[in-house]
Amino acid sequence: MFGWEFPPHIAGGLGTACYGMVKGLLHNDVEVLFVMPSASGDEDGTVAKIINASDVEAVASTSTPIDVLEKLNFLRIGSNMVPYIDPIAFGELVESERRTQGEWLEKINFKQKYKFSGKYGANLMEEVARYAMVAATIATQHDFDVIHAHDWLTYLAGIAAKRVSGKPLVIHVHATEFDRSGERVNTEVFRLEKMGMEAADRVMTVSNLTRNIVVNKYGINPAKVVTVHNAVDFSGKDELVVTRNVPEKVVTFLGRITFQKGPEYFIEAAAKVLKRCPEGVRFVMAGSGDLLNKSIRRVAALGIADKFHFTGFLRGMDVQKMFAYSDVYVMPSVSEPFGISPLEAMRTGVPTIISKQSGVAEVLRHAIKVDFWDVDALSDAIYGLIKYPALVDMASRCGLDEVNSLKWDHAAEKIKKVYESVIE
Amino acid sequence: MQTNPSICFYFQVHQPDRLRQYRFFDIGNDHYYFDEFLNRTILRRVADTCYLPMNALIKDLIVSTKGQFKVAFSISGSAIDQFEKYAPEVLESFRDLASTGCVEFLGETYSHSLASLTNPDQFTAQVKMHSDLIKKHFGKKPASFRNTELVYSDQIGKMVSKLGFSCMLTEGARGILGWKSPNYLYTCAAAPKLKLLLRNFKLSDDMAFRFSNQSWNEWPLTADKYVAWLQEAAGDAQVINLFMDYETFGEHQKASGGILEFFKAVVKLVLAKGGIDFITPAQAAKKFDGVAELNVPYPISWADEERDTTAWLGNELQNEAFSKLYALSDKVVAAEDAAITKDFLRLQESDHFYYMCTKFFSDGAVHSYFNPYASPYDAFINYMNVLSDFALRVNNKLKQD
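So the sequence lines, in the order shown, correspond to chains U and W.
Counting along the first sequence from 1, when you hit position 303 you're at 303 in the working numbering, and nothing is skipped either side.
Counting along the second sequence from 1, when you hit position 101 you're at 101 in the working numbering, and nothing is skipped either side.
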């Protein structure tokens, strides 16, 4: 299995999902060899054998010349990629780096260990390509039945491993470029994603929403695209007791403040609710992102800043604490392949409102669902949860039962079936 | 005295006043709660697919059998109000049926409410209102009673008996009947003078739910087969009670599937074979004696597998909305305002609580057909917003006086 990160060092939800999945697979008698670009050594090695790609020499000597040719051939495809992921955010940074590095492909030293950063950054494309080469090596050194690659960063690695081993490839789509960037997709990332999906024997998506994107926007044969909904693993997380110092109800948005997460709809809804009930409720926007400043300006312009608070980026226990402080959790995402955070909120007994444009809406029944753009419906749902205690009791109690039933063991069972379908 | 076994058909006619999307900003600002367009659209559709063609068919049957065919209807006040507003010709065709003398109109609560479960005063008032309405339109006060969704208990039976009804219809629930047959008359344990007619749910549902179900092992159901079942059941029976929604014919089950023709064929075949006649509830109560007392300490209904009231009052959302609504009833009475009283009645329609049911998560098709909301949470929020405004209005009115 090719991943990009694994707990405890994670930047996004992918690492957590991989951890739960690997554990679930283990319970279903599937052994996992987990490859990641930069392991630190403190990952949980009891659930899977962790391979640190930084410790592996690219291109092993056991390869036959034909293999090498194939690999080079494949890498040339990779070399057409320009090393940046988002023209706006990374353009300049990468341009300068490219000038100093020259043609980066030529700099790849085939007999060298490469230190992967494992972080999202400017030389991401380079890392993706190197990771793929190392993956090919790893594929010749180990014995396995199926290759499983998570998200576009590792698709190349998956393809490379498939080329040298001839073993079936399953790719797992946790998010697509359309989710991350709306319609302003990065064509290079898109190409890479499409290449991965086309080369794969099966494509797994985290929701039907994502499945539709894969089928419609990437033109992948629907017969080979399977939805396996994510699950959650709460073991090891204890109940958190916090003392609250505000008498008001707290309505929370928690996540990256970016286009994808729909922060503006939360703000507009907050203004509508506050107009109706100026007392008794506060709004919190936790997180950071490129729309943070714009959001703050909007809150000020609406004149609700005394009741609307920003916390900045939260990490670790603070996230848990924020949930414990909340009375209502809102996820108004414009596009959310799955969306694990409402589950975390529900686990804390917090009733949630989620957008219908999230994959998690497909599995949750005890969350209130609204269209992300329907600010009236959103504010109405918030109002209902503030004013009608019976709604809170029901959503909270049933929600808790519901999230506790979303087990990785069940999801892994489905994944195992997908594996079996490609192993002939 | 040897008496023929009988078949008693009763059809429920009801249309709820569905709420419009009522946001919290509307609270205190806008006092119109109903989705006029949706209600009219649905009523017009059902009038064309069911009420009008089916009334015509029943009229034909009565005429062509020279009055041997008889049926009973229970039409809620809500439905009659909607007929007056959107489809007066439907009301006219019911009046036409009334004039044949072969149709009995039953008593119920005016607004198809569940008041019998919580508020005897409201219940009594609504039943009287409904009786007056039926007299106004069809010339006769009802003699038999059916409660909303066939909800019944000993207590309710006692109230109904006090209101002057001689018989009442309810579900032949397995839980209360045990080994006993639903095809006999029983009497109410708390009011022995009240006779009870129990729905034969197997034969009723064969027609109402399973007729067009192609995965049913008895599909396709022919009149021959069905009448054979009726005769088999009648061999040892006083009366076979076939109670169902009137919308079964042409709306829930499309006319293209042959349900109307089937119904007609069944009636004709029963009469052709002889030995069984048709009867209305009031006639059945006169003709037969009750064979035993029936003890029903807890309310039963005709809904779902459980035959209890949990489809309307089974979760905290429903209980909360229900108790908040009825907490207002004394104030509504004190307010003495026609518009407020009217809205209070409409808000009591059992349908509003049905939309908040979470049981359909597991037990699907029937519930979702009747539901204009995507989720019970949506239904609850909308209803509570309306109720909040309603409470404001009631309180303001009382302050003014």
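Just so you know, the hints here were simulated from the structure itself, not pulled from any lab data.
Ideal Cβ placement from N, Cα and C applies to all residues, glycine included.
Keep in mind that a hint or two might mislead.
Only part of the chain U face toward chain W is listed, based on derived beta-carbon distances under 7 Å [said to hold, decoys possible]:
{"#": "1", "residue": "R276"}
{"#": "2", "residue": "G384"}
{"#": "3", "residue": "D409"}
Here is what the structure says about each hint:
no., hint, verdict
1, R276, "holds, 6 Å"
2, G384, "holds, 4 Å"
3, D409, "violated, 22 Å"
In this structure, only the earlier hint numbered 3 is contradicted, and the remaining ones agree with it.
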